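Going down the list, the sequences are from chains L and F.
Be aware that the first sequence starts at 1, since it is given in this note's numbering, and climbs by one per residue.
Be aware that the second sequence starts at 1, since it is given in this note's numbering, and climbs by one per residue.
No wet-lab data here; the hints were simulated from the structure.
Bear in mind that the values here come from a model prediction, so they are computed numbers and not experimental data.
Fair warning: there could be bad hints in the mix.
Claimed, not checked - Once the Cα atoms are required to be at most 20 Å apart in a straight line, the calculated SDA-like pairs of lysine to any residue come out as:
id, chain 1, residue 1, chain 2, residue 2
1, L, Lys273, F, Asp177
2, L, Lys141, F, Gln267
3, L, Lys273, F, Glu137
4, L, Lys284, F, Ala364
5, L, Lys141, F, Phe268
6, L, Lys180, F, Gln270
7, L, Lys177, F, Phe268
8, L, Lys238, F, Phe268
9, L, Lys273, F, Pro127
10, L, Lys141, F, Pro271
11, L, Lys36, L, Ser370
12, F, Lys274, L, Ser139
13, L, Lys284, F, Phe268
14, L, Lys177, F, Gly269
15, L, Lys322, F, Leu278
16, L, Lys322, F, Gln267
17, L, Lys393, F, Thr118
18, F, Lys326, L, Ser370
19, L, Lys322, F, Leu327
20, L, Lys232, L, Gln182
Said to hold, decoys possible - Cβ-Cβ distance ranges computed for the label pairs, FRET-style:
id, chain 1, residue 1, chain 2, residue 2, range
21, L, Gly272, F, Ser172, 17 to 27 Å
22, F, Ala179, L, Thr39, 49 to 59 Å
23, L, Thr392, F, Glu49, 51 to 61 Å
24, L, Thr39, F, Ser58, 52 to 62 Å
Just so it is clear, CB atoms sit at the ideal spot from N, CA and C, and this is done for glycine as well.
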Amino acid sequence: MDLAYTDDQKAFRDEVRSFLDEKLPKRLSDKVASGKRLTKADYEEWHAILHDKGWLGVTWPKEHGGTGWDAVERHIFEMETTRANAPRIVPFGINMLGPVLMKFGSDEQKAHYLPRILDGSDWWCQGYSEPGAGSDLASLKCSAERDGDHYIVNGQKTWTTLGQHANMIFCLVRTSKEGKPQEGISFLLIDMDSPGVSVRPIVLIDGEAEVNEVWFDNVKVPAENLVGEENKGWTYAKYLLTHERTNIAGVGFSTAALASLKRIAGLEMQDGKPLIENPLFAAKVAQVEIDLMAMATTNLRVVAAAAAGQAPGPESSMLKIKGTVIRQEINHLTRRAVGPYALPFVSEALEDGSNVEPVGPDYALPAVQSYFNNRKLSIYGGSNEVQRGIITKAILEL
Amino acid sequence: MNFELTDERQMLQDSLRRYLSDTVTPELLHKATEAGSGHSDTLWQGLSEMGVSGALFSEDDGGFGGTGFDLSVVFEEMGRVGAFEPLIESGILAGGLIAALGSDAQKALIEEIVAGGTILTLAHGEPGSRYDLAHVETQATATDDGYTLSGRKSLVMAASAASHAVVSARTSGDRRDAAGISLFLVPLDADGLEIRDYPMNGGGRAAELALTDVTLPADARIGPEGDAHAALETAQARAICAQCAEAVGLMDAIKDLTVGYLQQRRQFGQPIGKFQALQHRMADLLIEIEQARSAVINLAGHLEAPRTDRERHVSAAKNLVGRTAKLVVEESIQMHGGIGMTMEYALGHLAKRLTMIDHRFGDADWHLERFIRLAAA
Ligand SMILES: Cc1cc2nc3c(=O)[nH]c(=O)nc-3n(C[C@H](O)[C@H](O)[C@H](O)COP(=O)(O)OP(=O)(O)OC[C@H]3O[C@@H](n4cnc5c(N)ncnc54)[C@H](O)[C@@H]3O)c2cc1C
Numbered sequence: 001m002d003l004a005y006t007d008d009q010k011a012f013r014d015e016v017r018s019f020l021d022e023k024l025p026k027r028l029s030d031k032v033a034s035g036k037r038l039t040k041a042d043y044e045e046w047h048a049i050l051h052d053k054g055w056l057g058v059t060w061p062k063e064h065g066g067t068g069w070d071a072v073e074r075h076i077f078e079m080e081t082t083r084a085n086a087p088r089i090v091p092f093g094i095n096m097l098g099p100v101l102m103k104f105g106s107d108e109q110k111a112h113y114l115p116r117i118l119d120g121s122d123w124w125c126q127g128y129s130e131p132g133a134g135s136d137l138a139s140l141k142c143s144a145e146r147d148g149d150h151y152i153v154n155g156q157k158t159w160t161t162l163g164q165h166a167n168m169i170f171c172l173v174r175t176s177k178e179g180k181p182q183e184g185i186s187f188l189l190i191d192m193d194s195p196g197v198s199v200r201p202i203v204l205i206d207g208e209a210e211v212n213e214v215w216f217d218n219v220k221v222p223a224e225n226l227v228g229e230e231n232k233g234w235t236y237a238k239y240l241l242t243h244e245r246t247n248i249a250g251v252g253f254s255t256a257a258l259a260s261l262k263r264i265a266g267l268e269m270q271d272g273k274p275l276i277e278n279p280l281f282a283a284k285v286a287q288v289e290i291d292l293m294a295m296a297t298t299n300l301r302v303v304a305a306a307a308a309g310q311a312p313g314p315e316s317s318m319l320k321i322k323g324t325v326i327r328q329e330i331n332h333l334t335r336r337a338v339g340p341y342a343l344p345f346v347s348e349a350l351e352d353g354s355n356v357e358p359v360g361p362d363y364a365l366p367a368v369q370s371y372f373n374n375r376k377l378s379i380y381g382g383s384n385e386v387q388r389g390i391i392t393k394a395i396l397e398l
Numbered sequence: 001m002n003f004e005l006t007d008e009r010q011m012l013q014d015s016l017r018r019y020l021s022d023t024v025t026p027e028l029l030h031k032a033t034e035a036g037s038g039h040s041d042t043l044w045q046g047l048s049e050m051g052v053s054g055a056l057f058s059e060d061d062g063g064f065g066g067t068g069f070d071l072s073v074v075f076e077e078m079g080r081v082g083a084f085e086p087l088i089e090s091g092i093l094a095g096g097l098i099a100a101l102g103s104d105a106q107k108a109l110i111e112e113i114v115a116g117g118t119i120l121t122l123a124h125g126e127p128g129s130r131y132d133l134a135h136v137e138t139q140a141t142a143t144d145d146g147y148t149l150s151g152r153k154s155l156v157m158a159a160s161a162a163s164h165a166v167v168s169a170r171t172s173g174d175r176r177d178a179a180g181i182s183l184f185l186v187p188l189d190a191d192g193l194e195i196r197d198y199p200m201n202g203g204g205r206a207a208e209l210a211l212t213d214v215t216l217p218a219d220a221r222i223g224p225e226g227d228a229h230a231a232l233e234t235a236q237a238r239a240i241c242a243q244c245a246e247a248v249g250l251m252d253a254i255k256d257l258t259v260g261y262l263q264q265r266r267q268f269g270q271p272i273g274k275f276q277a278l279q280h281r282m283a284d285l286l287i288e289i290e291q292a293r294s295a296v297i298n299l300a301g302h303l304e305a306p307r308t309d310r311e312r313h314v315s316a317a318k319n320l321v322g323r324t325a326k327l328v329v330e331e332s333i334q335m336h337g338g339i340g341m342t343m344e345y346a347l348g349h350l351a352k353r354l355t356m357i358d359h360r361f362g363d364a365d366w367h368l369e370r371f372i373r374l375a376a377a
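Let the hints inform the model, and build the full structure from the sequences given.
As structure tokens, then:
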């Protein structure tokens, strides 16, 4: 065992650092650091910069225009980009759909869609969940009926993250009511501009509209948009979920959030001293830092154990639970740190270029918003209860 | 010992609960959120007609209650519906300080507060004061016929609804000294007063006040010069009692909502409330909420006790309620899944309001340390 980076890995880290120094626009890193709203154009700008360098397909093999990086290289990239306050890579095309198409898509689908993910022609969103089908995803009802060389789609999806920006949605749809519910599900790619598709934003408790409801009313979808075989969608969906979980530990995000917490607690004065010098508060910050140090290694152990290009198995459930608990605790302490200035809710101040000043320090509202918003971490991508179920069955065999 | 409410308080609780559950609809809360005044005129009027503010004052001061148990009955009900009317600001803080220290002429205002026609607020916190009650940098300088006030006041709640603020300012001492703080009654349209008003997380509005040579007559001072700290502490103790009772009301409402959801929401062919993983967590919530209720009862029962005894219960309740609030908010959202994170569903507002309780008058950690210090003293 050797915890140190090899010379090659150190050189790679330096390369990532100097790339970020040179190419990450300060306008974007300032926005991320200060918790301002990122627009669609901001994400697209950052994707284009990464794509130029060949670094957008972080998890993709070289043959499809990806980086071909191993687990340690991906870890280094994650740590450096979050530390530099780069925008996150929007995961739906890169981390979710990409791997599914590579494994199960037709040659035409690969040739058409994969480059479009990289060059930004398509913005994908994920149409899995429905009002009645959350944890019990297999009970989904949104239906696709074959009609000649088309499918006719009817039904509703919900919680569709950033669907307001998307022109494409990958959906799980019901193509059969026979047999077990899992056996009648198909994986369909739908153009959001098709007649009959409508999108309604949902405002979350942080005050932002990041998720949506999506309705399909007799939407005509070409049959060639089916991925793999009809009624085999559940297999592809599960494959996608394991990939969704590869970066689920969020070590980079937590590390950046911890640094931000320490900075804020150094600025906030409580009873005449910086809050970070308060023994009780300092102990809580230290506690979560200790957890995070171990988490970074747990994460690498699990990710490195998976064969190259493969997603980790049920161990990723462990990463999801512990990773989200740690990040939520950091968010909680940051909310605490801002004190009474958690109260003002002046969301106009988050808009870039608005001349509305925040009330109190500029980090206060983003701290509160992150606390509320990141309650989602333990709900989506398979809730932490569902993950415990997986550990119980697949690892402990109870 | 007897844990029953007196007949009068039971009646107050029953009629208030009935009135609030009939009146406070999601639409009313929405309108109150949008209102420039930061609260609901309809609700305020209804509460005034019921004489609810009277329950916050003793008979000597022109009310019909004023004890810890009167406060806890009223505010538990307010919490249960997620209302955010300026009762703490007007009745307990500003009104309570006037009742404690005011001249007869000033005390005439209490009648108006009780009737609901006048809303007052307290302008005490400052940009750097955080939770330290003695931290006052705003200066009051004596003139020939009164005072001029200069400085900044922060998070002055209900400023947009209030006609006057009780403003604390230093007449002597250093910025964190308990001695040397005086109180003044300041009309909110006074010359030299700049107000920036804004909405808050969890409902209601507050304002930042900038005072530049605000000129006041001598009779604007409330109570003796430089000696307001003890009264501020007492008023804050009463406000914390009210706020903790409100938190318990919010917790009850959230618990009921969550239990209802666990019964109704089906996944995997059964109500999610049948999953033992969730059942046990709901049981834990119930235990913690009952503990919070007891902490509030302890505080309400010691609100008239000598200072150290009272303040130990203040910090005990604020610590326990702060911890429980976090647990209740996080667990209830988690057990709801996605729907628990939306503002369209009732939990959203209740959870935000309950979370924000920890950001006023000291958070759970701050009161934990204070409890230790008070025990050592
Ligand atoms: C901010 C946000 C963004 C999202 N983005 C997307 C997206 O882009 N695309 C998409 O398709 N979906 C998305 N989701 C949906 C997400 O995947 C679901 O919320 C999740 O699957 C949980 O489903 P649910 O919300 O219906 O909760 P439910 O499944 O109803 O669960 C409610 C509670 O019951 C628990 N529970 C359920 N089953 C069991 C069990 N067997 N044992 C013990 N406990 C159980 C859950 O853990 C949870 O605590 C998003 C959700 C959120 C909050």
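Checked hints:
Between the alpha carbons of lysine 273 of chain L and aspartate 177 of chain F the distance comes to roughly 15 Å, so the proposed pair stays at or under 20 Å and holds. Straight-line distance between C-alpha atoms of lysine 141 of chain L and glutamine 267 of chain F comes to about 13 Å, which keeps the hinted pair within the 20 Å bound. Note on lysine 273 of chain L and glutamate 137 of chain F: the hinted pairing holds, with a Cα-Cα distance of about 17 Å set against a maximum of 20 Å. A distance of roughly 13 Å separates the Cα atoms of lysine 284 of chain L and alanine 364 of chain F; the hinted pair therefore holds under the 20 Å criterion.
Under the criterion of a C-alpha separation no larger than 20 Å, the hint pairing lysine 141 of chain L with phenylalanine 268 of chain F is consistent with the structure, at around 14 Å. Straight-line distance between C-alpha atoms of lysine 180 of chain L and glutamine 270 of chain F comes to about 17 Å, which keeps the hinted pair within the 20 Å bound. With a C-alpha separation of about 16 Å, the suggested pair lysine 177 of chain L and phenylalanine 268 of chain F falls inside the 20 Å cut-off, and the hint holds. Simply put, lysine 238 of chain L and phenylalanine 268 of chain F have alpha-carbon atoms about 17 Å apart, close enough for the 20 Å limit, and the pair holds.
Of the pairs offered as hints, the one joining lysine 273 of chain L and proline 127 of chain F holds, with about 15 Å between alpha carbons and a cut-off of 20 Å not exceeded. Simply put, lysine 141 of chain L and proline 271 of chain F have alpha-carbon atoms about 18 Å apart, close enough for the 20 Å limit, and the pair holds. Proposed proximity of lysine 36 of chain L and serine 370 of chain L is supported: the alpha carbons are some 11 Å apart, at most 20 Å. Taken as a hint, the lysine 274 of chain F and serine 139 of chain L pair is honoured in the structure, with Cα atoms around 18 Å apart against an allowance of 20 Å.
At most 20 Å may separate the alpha-carbon atoms for a hinted pair to count; lysine 284 of chain L and phenylalanine 268 of chain F exceed this at roughly 38 Å. This hinted pair checks out: lysine 177 of chain L and glycine 269 of chain F have alpha carbons roughly 16 Å apart, not beyond 20 Å. Proximity of lysine 322 of chain L to leucine 278 of chain F is assessed by CA-CA distance (about 19 Å); at most 20 Å being required, the pair is judged to hold. In summary, the hint linking lysine 322 of chain L to glutamine 267 of chain F is not supported, as the alpha carbons are separated by about 25 Å, beyond the 20 Å threshold.
Of the supplied pair hints, the one linking lysine 393 of chain L and threonine 118 of chain F is violated, its CA atoms being roughly 63 Å apart against a limit of 20 Å. Among the hinted pairs, lysine 326 of chain F with serine 370 of chain L is consistent with the structure: their alpha-carbon atoms are about 15 Å apart, no more than 20 Å. For the proposed pair lysine 322 of chain L and leucine 327 of chain F, the alpha carbon gap of about 18 Å is at most 20 Å, so the pair holds. Simply put, lysine 232 of chain L and glutamine 182 of chain L have alpha-carbon atoms about 8 Å apart, close enough for the 20 Å limit, and the pair holds.
At about 19 Å, the CB distance of glycine 272 of chain L to serine 172 of chain F agrees with the hint of 17 to 27 Å. Our hint of 49 to 59 Å for alanine 179 of chain F and threonine 39 of chain L holds, since their Cβ atoms are close to 53 Å apart. The supplied range of 51 to 61 Å is met by threonine 392 of chain L and glutamate 49 of chain F, whose beta-carbon atoms lie about 57 Å from each other. For the pair threonine 39 of chain L and serine 58 of chain F, the beta carbons lie near 57 Å from each other, so the given range of 52 to 62 Å is met.
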